[in-house]
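*Asks:* If you want the building blocks of each chain, they are given just below.
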Amino acid sequence: EADIYQTPRYLVIGTGKKITLECSQTMGHDKMYWYQQDPGMELHLIHYSYGVNSTEKGDLSSESTVSRIRTEHFPLTLESARPSHTSQYLCASSEYRRQGESNDEQYFGPGTRLTVT
Amino acid sequence: KNQVEQSPQSLIILEGKNCTLQCNYTVSPFSNLRWYKQDTGRGPVSLTIMTFSENTKSNGRYTATLDADTKQSSLHITASQLSDSASYICVVSDRGSTLGRLYFGRGTQLTVWP
Numbered sequence: 001e002a003d004i005y006q007t008p009r010y011l012v013i014g015t016g017k018k019i020t021l022e023c024s025q026t027m028g029h030d031k032m033y034w035y036q037q038d039p040g041m042e043l044h045l046i047h048y049s050y051g052v053n054s055t056e057k058g059d060l061s062s063e064s065t066v067s068r069i070r071t072e073h074f075p076l077t078l079e080s081a082r083p084s085h086t087s088q089y090l091c092a093s094s095e096y097r098r099q100g101e102s103n104d105e106q107y108f109g110p111g112t113r114l115t116v117t
Numbered sequence: 001k002n003q004v005e006q007s008p009q010s011l012i013i014l015e016g017k018n019c020t021l022q023c024n025y026t027v028s029p030f031s032n033l034r035w036y037k038q039d040t041g042r043g044p045v046s047l048t049i050m051t052f053s054e055n056t057k058s059n060g061r062y063t064a065t066l067d068a069d070t071k072q073s074s075l076h077i078t079a080s081q082l083s084d085s086a087s088y089i090c091v092v093s094d095r096g097s098t099l100g101r102l103y104f105g106r107g108t109q110l111t112v113w114p
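So the protein lines, in turn, are chains A and B.
Using our numbering, you'd call the opening residue of the first sequence number 1 and step up by one each time.
Using our numbering, you'd call the opening residue of the second sequence number 1 and step up by one each time.
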């Protein structure tokens, strides 16, 4: 069982609200990720981090922002939620390896199901 | 373009029966291929991982195969159980960056009926 946690598990909010999705892991992993997943569709990487003070945008453009002040914590923030942000958001983490080494397994949290009305 | 295609999109089988899920990929350079199981409303959990030199890998009733020449993989589930009902996702990693880029398929939604 992976030690990676996400809160809240479900969130229904109105348009224009600011929200923060929490993600924490207790495995000491350097790399952390945020994915967006719509029903029946593949996961899309929206943000990732190599470690503290490192944040990068993923393949899918997102209006959300992230921060990495502590190794174990990687929150995602939406300043002004819109109905188009309705989706499932999955957080993951993995160990850091040098280029050329085998890619590490990503451990996923349970996800946050966000609905913006 | 690096892609991962899975088939079938959905599958319904009776409890106790076997089934095979397919995955075709075009990811290059190839590092490894994983099969994940994702229960409804949960995050994916890794079932198996195979590198270029591995042809088959088992995890209990789950057996994955890999043909790196044809870029195809399969996941065989033996003696299915109700708890096998989930989405099975094929994920391929490339070797092109320190990020360890992952390419996800859309998954096969498996439903096991009693």
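Where hints are given, some of them may not hold.
[To be verified] Covered stretches of chain B (chain A as the covering partner; in silico rule of three or more C-beta atoms under 8 Å from a C-beta of chain A):
1) 57-70
2) 101-113
[What the hints assert, rightly or not] What the simulated footprint calls covered on chain A by chain B, stretch by stretch (three residues with Cβ under 8 Å from a Cβ of chain B suffice, anywhere in the stretch; the number is not a length):
3) 30-43
4) 109-115
[Claimed, not checked] Mimicking DSBU-like on lysine-lysine, the simulated pairs with C-alpha atoms at most 35 Å apart in a straight line are:
5) K57(A) / K71(B)
6) K71(B) / K1(B)
7) K57(A) / K1(B)
8) K57(A) / K57(B)
9) K71(B) / K17(B)
Simulated from the structure, these hints should not be mistaken for laboratory data.
All C-beta atoms in this analysis are idealised placements derived from N, C-alpha and C, irrespective of residue type, glycine included.
*Asks:* Determine for every hint whether it applies to the structure shown.
*Replies:* Okay, the hints, checked on the actual structure:
no. : hint            : in the structure
1   : 57-70           : violated (count 0)
2   : 101-113         : holds (count 6)
3   : 30-43           : holds (count 5)
4   : 109-115         : holds (count 4)
5   : K57(A) / K71(B) : holds, 29 Å
6   : K71(B) / K1(B)  : holds, 14 Å
7   : K57(A) / K1(B)  : holds, 20 Å
8   : K57(A) / K57(B) : holds, 34 Å
9   : K71(B) / K17(B) : holds, 27 Å
Checked against the numbered hints listed earlier, the structure breaks hint 1 alone; every other hint is satisfied.
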